[in-house]
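Engineer: Chains as they are written, first to last, in numbering that gives the first Met the number 0: chain V, 0 to 489; chain D, 0 to 193.
If you're looking for bench data, these hints aren't it; they were derived computationally from the structure.
There may be inaccurate statements among the hints.
One side only, chain V facing chain D, incomplete, derived with CB under 7 Å [to be verified]:
{"hint": "1", "residue": "138"}
{"hint": "2", "residue": "144"}
{"hint": "3", "residue": "146"}
{"hint": "4", "residue": "147"}
{"hint": "5", "residue": "196"}
{"hint": "6", "residue": "292"}
{"hint": "7", "residue": "295"}
{"hint": "8", "residue": "461"}
Simulated pairs of lysine to any residue, SDA-like, Cα-Cα distance not exceeding 25 Å [claimed, not checked]:
{"hint": "9", "chain 1": "D", "residue 1": "186", "chain 2": "V", "residue 2": "461"}
{"hint": "10", "chain 1": "D", "residue 1": "124", "chain 2": "D", "residue 2": "164"}
{"hint": "11", "chain 1": "D", "residue 1": "39", "chain 2": "V", "residue 2": "389"}
{"hint": "12", "chain 1": "D", "residue 1": "94", "chain 2": "V", "residue 2": "135"}
{"hint": "13", "chain 1": "D", "residue 1": "39", "chain 2": "V", "residue 2": "135"}
{"hint": "14", "chain 1": "D", "residue 1": "114", "chain 2": "V", "residue 2": "311"}
{"hint": "15", "chain 1": "V", "residue 1": "336", "chain 2": "V", "residue 2": "238"}
{"hint": "16", "chain 1": "D", "residue 1": "94", "chain 2": "D", "residue 2": "74"}
{"hint": "17", "chain 1": "V", "residue 1": "234", "chain 2": "V", "residue 2": "311"}
{"hint": "18", "chain 1": "D", "residue 1": "176", "chain 2": "V", "residue 2": "393"}
Ideal placement from N, C-alpha and C gives every residue a C-beta, glycine not left out.
These are the residues of each chain, in order.
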Amino acid sequence: MESYLFPFDSLICMLLGISFTVWFTLLLVFIIVPAIFGVSFGIRRLYMKSLIKLFEVRALAELQDPARTQPLCSPPQWCFKRLAWATLRMERGAKEKNQHLYKPYSNGIIAKEPASLEQEIQEMRRGGAEPEFDMSDIFYFCRRGVESIVDDEVTKRFTAEELESWNLLTRSNYNFHHISTRLTVLWGVGVLIRYGFLLPLRVTLAFTGVGLLVVLTSIVGLFPNGRMKNYLSDKVHLMCYRICVRALTAIITYHDSENKPKNGGICVANHTSPIDVIILASDGCYAMVGQVHGGLMGVIQRAMVKACPHIWFERSEVKDRHLVAKRLSDHVADTTKLPILIFPEGTCINNTSVMMFKKGSFEIGCTVYPVAIKYDPRFGDAFWNSSKFGMVNYLLHMMSSWAIVCSVWYLPPMSRMEEEDAVQFANRVKAAIARKGGLADLLWDGGLKRGKVKEVFKEEQQKLYSKREPETSADAVRPKTGPFLNLLRL
Amino acid sequence: MGSTNSTLLKIPNVEVLMRETGFSPAHIIRLHDRFKALDKEGRGYLCPQDFGAIKELAMNPIGDRIIGAFFSPGKETVDFHTFVKILAHFRPVDKDRPKEPNSPEPINSRSNKLKFAFQLYDQDKDGKISRDELLKVLRAMLGMQVTEEQLESIADRTIQEADLDRDDAISFEEFRKSLEKVNIDHKMSIRFLR
């Protein structure tokens, strides 16, 4: 018995050995070496094109399926051409249509009136000498209230986008049901490929990337400070981030690279997931800002800081706004240091909108380089819903998606103008980012993901409504104009 | 046909619900999803705190009253049926509905919409909007922006115009009459998409 298993055994060993060698050689040649030199064979783009073809075939199949539940928000002439929507239309830059652009992909049940409180009240007041208050005024607030019960803007932003057509990932289709055997088989094959082939490949790459980052930055840290060290540190960082990019099969298109952030400035971008950092850092060198973590993150942070100055804050220091501002300004003032990368929203948003920017980074008074990042949801949803999934779960999701396809736009630098305060400047930057990325520009605070609405917002509603009441006495309060007034775009 | 039907089957008495409210199966499913999303702890019913968690509603000056409209007097919870029935008030009026003499009035009729709005004013449910109740609503909608005297004069003026039987309160009939010319369907309807 054993004797004839022996040659079988060694055969298996040999096969395994050979396949591992082949595997690693391929890995090295096709992925790691290009990453080091920053070139690309174009394999990922080819992959992306074939995926698109596949989804279009699928979309046709779904269109012909009579049992399909149409997403409630789609216009009656839903046609499969809309699938080609995403990257193309966005890149043509629909400005006015920001809101409408995302309707097909929003989870909307109802069509909301875009008319603001002001317009509605003007309608009510039409007819000259009418009383200032009418019993019907309550209807406006009542309707708005019920609309928000049925579907509200904020909660929507914190759940993943729903896709109109399925991209063979059950996690992104809430209407998944058995349409045909062929489709289910296709889906099954997809699962096999993603979990059996892509996932191990990517995990290997990820470990390689992170490992190299830690090791090489520590080595670079041993060099004396100077131009050589900066040069090496840049190269090392770029290489490792590029490996990580390939670990996620991220296909990134950079636009307007002439506006790339320079030393002595701050780079701000909209935030969808922790991957944003990798995406931006693989194209340029930045100083990161963040809290000191323990564990693996901590090891990485400590290694990175040896090679070039990043800004890591202790937990206690984070609360002290002046300390934070001071450290940031000091860093920015030193032009040999890299531009700082900051995500002013403060939390991950689901990439359909840009929420309120926290003003801290805009108070420092240096040049701001805005960057817009937009993910293509067809290939994999990059949004991290931190209340639903932990970090490891999220990374697993990312690595078992088809790919991460995104576009990055570098916008021209902006500085704070004389008459602006930090909040207005922040809003200006935010509007520019939202416009470029084709995202809805909301004034809601990302912190609303977890916290309650501040009283001051309710007061602003009341102020606006009362503005229409004519002042009969001289000491009536005049509502303050300013950044809050356009809050009422509800 | 897969999950469409299975979700509908999970909801008890869904046929009755659809008939009473006039929502289509697709609407019911969407509303059910929304109900589940609001019911974060998965208890199968909603309580006032679940509504309070909606940020836009918290900002609405009459948010509390709207929330109160969902809960019948004495009840602390809202189940899915009640949720849908209340929301049915906001369906646009069905213009081509045949007038069946024996069927009850549809929930989204003009009259029922007015009743819904009326109860937002009439919090003690005595069938009349007293001067006090009117003042409360005015205060909620105008807040600190207007002085107390102005509020009172507005309230007085409103009652003067609407109150026909001179009992210093507005009954439902007087309310309805004062809003004769207002396009209730437009103001109190939400366009539910297909």
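Engineer: Tell me if the straight-line CA distance from residue 114(D) to residue 311(V) falls inside 25 Å.
Structural biologist: With Cα atoms ~59 Å apart, residue 114(D) and residue 311(V) exceed 25 Å; violated.
Engineer: Restraint: residue 461(V) near chain D, CB-CB cut 7 Å. Satisfied or not?
Structural biologist: OK, holds: residue 461(V) within 7 Å of chain D, min 4 Å.
Engineer: When the nearest CB of chain D is found for residue 144(V), is that gap smaller than 7 Å?
Structural biologist: Since the shortest Cβ distance to chain D is 4 Å, the answer is holds.
Engineer: Holds or violated: is there a CB of chain D closer than 7 Å to the CB of residue 295(V)?
Structural biologist: With a minimum Cβ separation of about 32 Å from chain D (threshold 7 Å), the hint on residue 295(V) is violated.
Engineer: So, as I understand it, the hint says residue 146(V) touches chain D; can you test that by seeing if any CB pair is closer than 7 Å?
Structural biologist: Since the shortest Cβ distance to chain D is 6 Å, the answer is holds.
Engineer: Tell me if the straight-line CA distance from residue 336(V) to residue 238(V) falls inside 25 Å.
Structural biologist: At roughly 19 Å apart (the allowed maximum being 25 Å), residue 238(V) and residue 336(V) satisfy the hint.
Engineer: When you check the alpha-carbon spacing of residue 186(D) and residue 461(V), does it fall within 25 Å?
Structural biologist: Satisfied, since the Cα-Cα distance of roughly 19 Å is no more than 25 Å.
Engineer: Within a Cα-Cα threshold of 25 Å, do residue 94(D) and residue 135(V) meet the stated pairing?
Structural biologist: Since the Cα atoms of residue 94(D) and residue 135(V) sit roughly 22 Å apart, the hinted pair holds (cutoff 25 Å).
Engineer: Given the hinted pair residue 124(D) and residue 164(D), is their alpha-carbon gap at most 25 Å?
Structural biologist: OK: residue 124(D) and residue 164(D) at ~19 Å, within 25 Å.
Engineer: Does residue 292(V) pass the interface hint, meaning its C-beta sits closer than 7 Å to a C-beta of chain D?
Structural biologist: 29 Å, violated
Engineer: For the hint on residue 138(V), just tell me whether its beta-carbon gets within less than 7 Å of chain D.
Structural biologist: Interface hint status for residue 138(V): holds (4 Å vs cutoff 7 Å).
Engineer: Is residue 94(D) within 25 Å of residue 74(D), Cα to Cα?
Structural biologist: Violated, at roughly 34 Å.
In summary, the numbered hints that this structure violates are 5, 6, 7, 13, 14, 16, 18.
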